[in-house]
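Start counting the sequence shown at 1; every next residue gets the next number (the UniProt record's numbering).
Some hints could be false.
[Stated by the list, open to error] Restraint ranges, calculated between C-beta atoms of paired labels, are given here: (1) Ser77 <-> Lys121: 21 to 29 Å; (2) His176 <-> Gly101: 19 to 27 Å; (3) Asp115 <-> Ser77: 33 to 41 Å; (4) Asn173 <-> Gly99: 17 to 25 Å; (5) Glu206 <-> Ser146: 20 to 28 Å; (6) Arg43 <-> Glu205: 24 to 32 Å; (7) Asp66 <-> Asp190: 14 to 22 Å; (8) Lys152 <-> Lys93: 17 to 25 Å; (9) Lys121 <-> Ser175: 18 to 26 Å; (10) Asn97 <-> Ser169: 39 to 47 Å.
[Said to hold, decoys possible] Computed list of lysine-lysine pairs in BS3-like fashion (alpha-carbon distance at most 30 Å, straight line): (11) Lys34 <-> Lys134; (12) Lys121 <-> Lys155; (13) Lys142 <-> Lys164; (14) Lys149 <-> Lys72.
These are computed hints drawn from the structure, not numbers from a lab.
Just so it is clear, CB atoms sit at the ideal spot from N, CA and C, and this is done for glycine as well.
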Amino acid sequence: MKLKVCGLKNPENIEQISKLDVDFMGFIFFERSKRFVGANLNRSMLNRIPKHIKKVAVFVNERSEDVLWTLKDYEYSFDYIQCHGDETPDCCKDLRNLGFGIIKAFQIDAEFNFDQLEAYKDAVDYYLFDTSSKHYGGSGQKFDWSLLKKYKGNKPFFLSGGIKPEDVSQVQNVSHPQLFAIDINSGFEDEPGLKNSNLIETFSEELKHHS
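Please construct the entire structure, taking both the sequences and the accompanying hints into account.
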């Protein structure tokens, strides 16, 4: 099971987390987010992150040209772009054709129709299933994970939304052949954007080595 830590913005904290057993680190470029990374991140910080940790730039409903303009400041050092809004398959495909891996987030509730994912299957590398929220994530709430049984596709996905340190056993009990990674954020923070490295280290150890 892979682990993604999202919503990092504190320089020292970024370095701390990069030394842990994590697989993806996510940086939010959505200005309305409390975890907007803004000017806190620079190229040298990204370059110090070990190569085996994939770097993810998170955007919400940005035009592809604006995404590229932002990432130019980092010499395009990101491995993945996470489209966390209402981006179309064509938008995702345009970004993917520029050489980035694409993670497309979907907000899941009882009304969500998994059939809509079919249109994205050739435009993205992974799906991310998050809790439905008008703020595009960051709700701190879980959705009903039993809804995952409705997903019959072959594309691997990240499970996100309200996951906390004490949920490791519950996460391990999720049985789905395409569950690829766990995405954690607010449940492991001391304040918005500042992750508790001890909590993450313990969670990673239990998730990966005691399943």
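- [ ] Enumerate the violated hints, using their earlier numbering and listing them in ascending order.
- [x] Result: hints 4, 7 and 14 break, sorted rising.
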